[in-house]
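Knowing the structure of chain C, use the given hints to seat chain V on it.
So you can see what is in the structure, the chains are spelled out below.
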Amino acid sequence: MRIWRRLACALLLLVLVVSLAANWLAPAGYAKQYREAAGASPSRQHWLGTDDIGRDRFARLLYGTRISLLLAPAAALVSTSMAALIGGVAGYLGGRWQSGAMAVTDLFLSLPWLFLLITVRALMPLNVTPLVSVLVTFLILALLGWTTAARVLCASAASLRQADFLRQARAAGIGRVRLFCIHILPNLKPALFAQFWISIPAFILSEANLGILGLGVAEPLPSWGSLLKELEGLVSVGDEPWKFVPLVLLVAVVTSFQLVLSNQEELAG
Amino acid sequence: MSKRTILISLVCLAILAGSAFAQGELRFCLRSEPKTFDPMKVEDDASVAIRYLTGGTLVRMNRQTQALEAELAEAWKVSKDSKQITFKLRSGISFSDGTPFSAEDVAYTVQQLMDPALHSPTGDAFRSGPGKVETKIISPTQISLTFPAPIAALDRQFDQVAILSSHSPKKEMAVLGPFMVAEYKAGTSVVLKRNANYWKADAQGHKLPYLDSIKLDIQPNRDVEMLRFTRNEIDLINSLDSDYFDKLASSSPQLVHDAGPSLDSEQMWFNQVAKAPLPGYKKEWFRSATFRRAISTAINRADLSRVVFRGHAKPAAGPVSPANKYWFNAKLTPPAYTPDGALKALQAEGFHLEKGTLKDKYDNPVVFSILTNSGNKYRERMATMIQEDLQKIGIQVNVVTLDFPSLIERVTQTFNYEAILLGLTNVGLDPNEEMNVWLSSSENHQWNPQQKAPETAWEAEIDRLMRLQAATSDLKKRKEAFDRVQEIVVEQSPFIYLVNRNALSAVSSSVHGANPVILVPQTYWNMDRLSVN
Numbered sequence: 001m002r003i004w005r006r007l008a009c010a011l012l013l014l015v016l017v018v019s020l021a022a023n024w025l026a027p028a029g030y031a032k033q034y035r036e037a038a039g040a041s042p043s044r045q046h047w048l049g050t051d052d053i054g055r056d057r058f059a060r061l062l063y064g065t066r067i068s069l070l071l072a073p074a075a076a077l078v079s080t081s082m083a084a085l086i087g088g089v090a091g092y093l094g095g096r097w098q099s100g101a102m103a104v105t106d107l108f109l110s111l112p113w114l115f116l117l118i119t120v121r122a123l124m125p126l127n128v129t130p131l132v133s134v135l136v137t138f139l140i141l142a143l144l145g146w147t148t149a150a151r152v153l154c155a156s157a158a159s160l161r162q163a164d165f166l167r168q169a170r171a172a173g174i175g176r177v178r179l180f181c182i183h184i185l186p187n188l189k190p191a192l193f194a195q196f197w198i199s200i201p202a203f204i205l206s207e208a209n210l211g212i213l214g215l216g217v218a219e220p221l222p223s224w225g226s227l228l229k230e231l232e233g234l235v236s237v238g239d240e241p242w243k244f245v246p247l248v249l250l251v252a253v254v255t256s257f258q259l260v261l262s263n264q265e266e267l268a269g
Numbered sequence: 001m002s003k004r005t006i007l008i009s010l011v012c013l014a015i016l017a018g019s020a021f022a023q024g025e026l027r028f029c030l031r032s033e034p035k036t037f038d039p040m041k042v043e044d045d046a047s048v049a050i051r052y053l054t055g056g057t058l059v060r061m062n063r064q065t066q067a068l069e070a071e072l073a074e075a076w077k078v079s080k081d082s083k084q085i086t087f088k089l090r091s092g093i094s095f096s097d098g099t100p101f102s103a104e105d106v107a108y109t110v111q112q113l114m115d116p117a118l119h120s121p122t123g124d125a126f127r128s129g130p131g132k133v134e135t136k137i138i139s140p141t142q143i144s145l146t147f148p149a150p151i152a153a154l155d156r157q158f159d160q161v162a163i164l165s166s167h168s169p170k171k172e173m174a175v176l177g178p179f180m181v182a183e184y185k186a187g188t189s190v191v192l193k194r195n196a197n198y199w200k201a202d203a204q205g206h207k208l209p210y211l212d213s214i215k216l217d218i219q220p221n222r223d224v225e226m227l228r229f230t231r232n233e234i235d236l237i238n239s240l241d242s243d244y245f246d247k248l249a250s251s252s253p254q255l256v257h258d259a260g261p262s263l264d265s266e267q268m269w270f271n272q273v274a275k276a277p278l279p280g281y282k283k284e285w286f287r288s289a290t291f292r293r294a295i296s297t298a299i300n301r302a303d304l305s306r307v308v309f310r311g312h313a314k315p316a317a318g319p320v321s322p323a324n325k326y327w328f329n330a331k332l333t334p335p336a337y338t339p340d341g342a343l344k345a346l347q348a349e350g351f352h353l354e355k356g357t358l359k360d361k362y363d364n365p366v367v368f369s370i371l372t373n374s375g376n377k378y379r380e381r382m383a384t385m386i387q388e389d390l391q392k393i394g395i396q397v398n399v400v401t402l403d404f405p406s407l408i409e410r411v412t413q414t415f416n417y418e419a420i421l422l423g424l425t426n427v428g429l430d431p432n433e434e435m436n437v438w439l440s441s442s443e444n445h446q447w448n449p450q451q452k453a454p455e456t457a458w459e460a461e462i463d464r465l466m467r468l469q470a471a472t473s474d475l476k477k478r479k480e481a482f483d484r485v486q487e488i489v490v491e492q493s494p495f496i497y498l499v500n501r502n503a504l505s506a507v508s509s510s511v512h513g514a515n516p517v518i519l520v521p522q523t524y525w526n527m528d529r530l531s532v533n
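Line by line, the protein sequences are chains C and V.
Its first residue numbered 1, the first sequence is counted upward by one per residue in the working numbering.
Its first residue numbered 1, the second sequence is counted upward by one per residue in the working numbering.
Be a bit skeptical, because a hint or two may be false.
[To be verified] In silico negatives: residues of chain V with every beta carbon more than 12 Å from chain C:
1) 30
2) 168
3) 435
[Claimed, not checked] Here are the simulated lysine-lysine pairs, DSS-like style, with alpha carbons at most 25 Å apart:
4) V:247 <-> C:243
5) C:32 <-> V:355
6) V:377 <-> C:243
[To be verified] Which bits of chain C does chain V cover? Going by a derived footprint, with three or more residues having C-beta under 8 Å, they are:
7) 22-36
8) 45-57
9) 118-126
Hints are computed from structural coordinates only; laboratory data are not their basis.
For every residue, glycine included, the Cβ atom is placed at its ideal position computed from N, Cα and C.
If we strip away everything but chain C, and leave its shape as in the complex, we get:
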């Protein structure tokens, strides 16, 4: 398995580096419309052809990848922090706090995600720039995506509550806040890291789902979701296999994250 993990790490690194080099690799940008060459097949000028309104598909893939690979971890960081705060504190305090926090978590888990996202998206102000729209999209994902992690962290923190080292710390008169920060959080680190790592591909896929529905990142900014929209017309895709490249890349990246995660879990174990 080690070789696969190394390959996964290498692939993620390569994809990230290439996407960060988008300005040099695709200097014309993701928004320029080559209207005379709309829907063109791959060529020396357009390596993956152009989309339906003539934008270079390769450039859009690079910029879209950059957005997903930078913002999905950022959203994962926000959601994991929220999970640590809500789940960790509730588990540490126990009793009514734990019951209350878990009830809220259950409520969030029972909500239909997609409809909730569509509703929240509909309530957003209309006049936001594409950059703000992408930030807001990932922020919404983060604000709604902390619940599963919170349950795991709550259980982990609860299991530590009666640990001997905590009793000793309490007996020594250490305050609750300090106890939580010094003794609980460090012990939650493996779970936190695992939850953070799990969230990244989940957010990437969630954005892709929203994008396919046309409710994700605003035009002309690309994202994997908006790139995958090209696959919605099954009939027209058959003869244009290069349209599958964003999908292949998405699968490769998500799989790589999973492979790297399993490695981290082993290390943590």
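Frame of chain C; chain V shown alone:
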């Protein structure tokens, strides 16, 4: 040969002769579940399709020539005041269940049509004023109908009215059209069988329709519809997407038909509602005809047609498509693409360019959002192209896609939007069918609906002209009035008309007699004369 053998042979020949032209089953898809089989309650597209195939009408508009033709009525006469119509009916016609057709059935149908308790959507076109409709049965084959107020194009309104039987125990299931509903499986299919009592025959005297049956599969997914067509599982597709059209055309060009610009239009408009929750300076832009016209001329319509619709659309000249042969104002042409001219016009209005950004006289950057419904790839593409076109004159456009209910809520209730890009599907040809769009008091006067009194002089003039054309039966006067309405709409640009989509369809090579047209139902408007191998 014995006498008995000869007799059997003769009987067989007679049966074969009778069914020689009853040919096969035609299959195509309905894109939604039909909500009703009662022709009086029809509102949705699927039910309209079934009414077209099963209902017998007094007159019918020929979808190819757009002329009104005699059907169950062999002649008709409209009074000068457009309040009364007298029909002379054909005799010897029976409903599908065998009950005879007479003037009583027409009277019964009109009574149902105008019944306030039933509130037939088809009857809306006849509710021109308060009061009752008078029906006078002159003889079993002659009837006169008098409406309380004038109805423009009164005879044409009967194209949508399927005649019901006043005596049949089968009620609305007894029909006078070429087919009748034989089987309905909710969510799956509707099967129509040939109406053996259908009154029409072809030039050779063979009874119509030729087809034995029609199978209508309920299939909302257009990809699946297309796949089924390519697998020969269905025979027709109406309103084909331009992407699919080109795909099919590349492999089987003989199967696809581009009938030219349809009645449908794609358009955008700015929010001009006074109470809209928008900053004052933006309302000022949107209420300026110069601003709207400048935006209109800064949009490259030719590119929209060529790129978004792959050439299967034409730049729109105004509110009426050239497909509407009579009512289209031929003096109008699509606005020329002149970004420089647009910029000059805006500069004359106090706007100025500053470091590539257009600013108004108060120094506010010109930024607005265009809202469209998510999931419609053509509108999303158009909005993105308009975004780039307007960027060239320093305007920043934010494209926002929303689910349809949220979008409609903003248009009709909260008025919380800046610009909208949507399409309009037109079925009728007569301007009266657009009264609900053009009258300033109407709910569907989208840029500024339900005005208590017209807020601008040009809207007052449109109101006057629309009422004028509705109140007269003089076709020339009506045409003059509606031509002027079209000119005002182009001058003021409350709607910025972008393109008219072409009527695209696909017909299997096994179907004979198909002649797709621009009007609905494109491929099967002459269904009684279609046959399948």
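Tested hints:
Its beta-carbon lying about 20 Å from the closest one in chain C, residue 30 of chain V satisfies the requirement of being farther than 12 Å from that chain. Listed as a non-interface residue, residue 168 of chain V keeps its Cβ farther than 12 Å from every Cβ of chain C; the least gap is roughly 45 Å. Distance check for residue 435 of chain V against chain C: the nearest CB is about 31 Å away, which clears 12 Å, and the non-interface claim stands. With a CA separation close to 16 Å, the supplied pair residue 247 of chain V and residue 243 of chain C stays within the 25 Å bound.
As the CA atoms of residue 32 of chain C and residue 355 of chain V are separated by approximately 20 Å, the hinted pair is consistent with the 25 Å bound. Our distance criterion of 25 Å between C-alpha atoms is met by residue 377 of chain V and residue 243 of chain C, whose separation comes to about 16 Å. For the segment 22-36 of chain C, the stated coverage by chain V is satisfied: 3 residues place a CB nearer than 8 Å to a CB of that chain, which reaches the threshold of 3. Taking a C-beta to C-beta cut-off of 8 Å, the segment 45-57 of chain C contributes 3 residues in contact with chain V, enough for the three needed, and the coverage statement holds.
For the segment 118-126 of chain C, the stated coverage by chain V holds: 4 residues have a C-beta nearer than 8 Å to a C-beta of that chain, and at least 3 were required.
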